[in-house]
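Trainee: Residues per chain, in single letters:
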Amino acid sequence: MIRDLTWLDFAYLVYAARWTVALTALAFVGGGLLGLLIALLRLAPFAPARWLALGYIQMIQGTPLLAQLFVFYFGFPIFGYQVTPWIAATAAFSIYASAFLAEIWRGCMQAIARTQWEASAALGLSFLEQLHHIIMPQAIRIAIPPTVGFLVQLVKNTSLAAVIGFIELTREAQITTAATFRPFTVYGIAALLYFCICFPLSELSQRLERRLRVAR
Amino acid sequence: MSLVRIENVAKRFGRLTVLDDVSLKVAPGEIIAVIGRSGSGKSTLLRCINGLEPIQSGRIWFEDMVVNAPNTDLRRLRQQVGIVFQSYNLFPHLSVERNITLAPTVVKKMNAAAARALAVDVLRRVGLEDKIAAYPDQLSGGQQQRVAIARSLAMAPKLMLFDEITSALDPELIGEVLRVLEQMARSGMTMMLVTHEMGFARNVASRVIFMHQGKIWEDGPTKDILNQPKTPELVSFLGSVLH
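Protein sequence lines correspond, in order, to chains U and W.
Just so you know, we're using this note's numbering here: the first sequence kicks off at 1 and counts up by one.
Just so you know, we're using this note's numbering here: the second sequence kicks off at 1001 and counts up by one.
Hints in this document: simulated from the structure, not taken from any laboratory.
Everything numeric in this text was worked out from a predicted model, so none of it was measured.
Positions of the beta carbon are idealized from the N, C-alpha and C atoms, including for glycine.
Keep in mind that the hints are not guaranteed to be accurate.
Simulated restraints, written as ranges between beta carbons of each label pair [to be verified]:
1) W:Ser1187 <-> U:Ser126: 25 to 33 Å
2) W:Asp1130 <-> U:Arg114: 47 to 55 Å
3) U:His132 <-> W:Gly1127: 50 to 58 Å
4) W:Ala1117 <-> U:Arg18: 51 to 59 Å
Calculated pairs, EDC-like style, for lysine to aspartate or glutamate (alpha carbon to alpha carbon, straight line, at most 20 Å) [claimed, not checked]:
5) W:Lys1108 <-> W:Asp1121
6) W:Lys1025 <-> W:Glu1007
7) W:Lys1109 <-> W:Glu1097
8) W:Lys1108 <-> U:Glu209
9) W:Lys1109 <-> U:Glu129
10) W:Lys1158 <-> W:Glu1233
11) W:Lys1223 <-> W:Asp1064
12) W:Lys1109 <-> W:Asp1073
13) W:Lys1108 <-> U:Glu129
Sequences and hints are given; from them, build the entire structure.
Mentor: Have a look at this one:
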C-alpha cells in the first residue's frame, strides 16, 4: 500500500534524528573517556602499556565498523547475553570512537615539543603533572579541529546502526520510503537533517579555535 | 663534602661515545665554566647531573643521592638542581607569573599567596618584575631567558646548571643575561655553565673545565687554564675562540 508523503513523515524524520544525536553523544562521551585512557597508555613511560594500547587501536581501526556492530548485536547472544540495539550500538560506537580519538589525541600531545616535557621534568613535575599542567592545555588547542572532524564523521556513521534495527534517521528514512516510495525526497530530507546536525559542529569548532587562540 | 661527585661516567648514543670515563667533583660555591668544541660532551655532562640523560656506566652523586640509580627520587633531586636551557623552554600557554609559580605550587605544595610573592622576588632578581603578567611570546629572547632563570631560582636549588644559555640570543641581548648570572655568582650560588663566552668565563668562573672528545681534557682554576693551557688541543681551542 503506497501512501502520500506528508508533514507527519517529516516530523517522524526529525523525531528520529534525535536518536542519531543521542547515539552520537553517547558514543562521543564513552569513546572520549576510553580514548583518553588509551591515548595516555600510548604515551606511558612503560612499554607493555604502550603495546597494549597500540594493539587495541590497530584491532579497532583495522576492522569494519559494521563488523563491530554485528559482533555486539549478534555475537553476544551466542554466549547467552541478550543485548538491545541501544546497548549494542552504544558499545560498538564507543569502542570505534575510542580508537580514533586516542590516535588523534596522542598525535596532538606528541606534537608538543619534547623540550616542554624536558623543562617541566627538570622542575620536578611527575608524568601526570606534566600532562595536566603543560602538555594537555597546549594539546587541546590543536586537537579541536581533528576532534570535531571526527565527531562529524561519527554523526554520519551512526546511520550504520540501522542494520541492527536501531531506529535513527537513516532507518526512519528507509521505513518512510518503503511506505511512500518517494526515495529522492525522503533521503534528500534525511541528508539535509544530517547537514543541520553537522554544520553547527564545524562552526562551533572554528569559534572555539578562535577563542582559545585569543586566550592562548 | 662535594655537592656533586661524578665517577667514571660513560655515555653513549648507539655507537657514538659522548662521555668517556669522566670523573669530577664540584664543591659548594664553585662556579665552573665548561668549555670545548661542539660535540665534545659539555651539554651532555650537564644534563646527566640532573638525570635528564641516562648513562651507560659509572656513577653520579648529588650530595648523598645517587642520580643514576633506578629508584632515585628524581623529583627530590630536581628540586635541588635547576637547569636553564639554550632555547629557554618557557611554557607558552602560561603567564610569566604562572611559569614561575607552577613548580613551587605543584611540586612543593606552596600556597598561592606565598608563590606569588616568590615570583615577584625572583623576577626582581632578574630585573623583570614589570613583566609578571606578560606571556612568553610578548618578551624578547633575553627577557625570556631571564624568566627561565627566575623560574629555576624559584625552586631555591643548591646547584644551577646553565646549558649554553646565551647561544640562541642576539648579540645585543647577551649582556642582560650575563649580568644576571654575575649577580647570582656573587650571591654564592653553586653554578656550572656550558658557555662560549670566554670573557664571561674569565671574569666570573672560579674554575674551568675543558672538554675534548668526551673527556675532561683540562681542569683547574680559571687563570691557569685560560692563561697557561697545557695541551695543544686547548691551545688550539682558545686560539679559535679568542681570535
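Trainee: State for each hint whether it applies.
Mentor: So, going through the hints one by one against the coordinates:
no., hint, in the structure
1, W:Ser1187 <-> U:Ser126: 25 to 33 Å, "holds (30 Å)"
2, W:Asp1130 <-> U:Arg114: 47 to 55 Å, "violated (32 Å)"
3, U:His132 <-> W:Gly1127: 50 to 58 Å, "violated (32 Å)"
4, W:Ala1117 <-> U:Arg18: 51 to 59 Å, "holds (55 Å)"
5, W:Lys1108 <-> W:Asp1121, "holds (17 Å)"
6, W:Lys1025 <-> W:Glu1007, "holds (9 Å)"
7, W:Lys1109 <-> W:Glu1097, "holds (16 Å)"
8, W:Lys1108 <-> U:Glu209, "violated (34 Å)"
9, W:Lys1109 <-> U:Glu129, "holds (13 Å)"
10, W:Lys1158 <-> W:Glu1233, "violated (33 Å)"
11, W:Lys1223 <-> W:Asp1064, "violated (31 Å)"
12, W:Lys1109 <-> W:Asp1073, "holds (17 Å)"
13, W:Lys1108 <-> U:Glu129, "holds (13 Å)"
Of the numbered hints given earlier, the model fails hints 2, 3, 8, 10, 11; all others are met.
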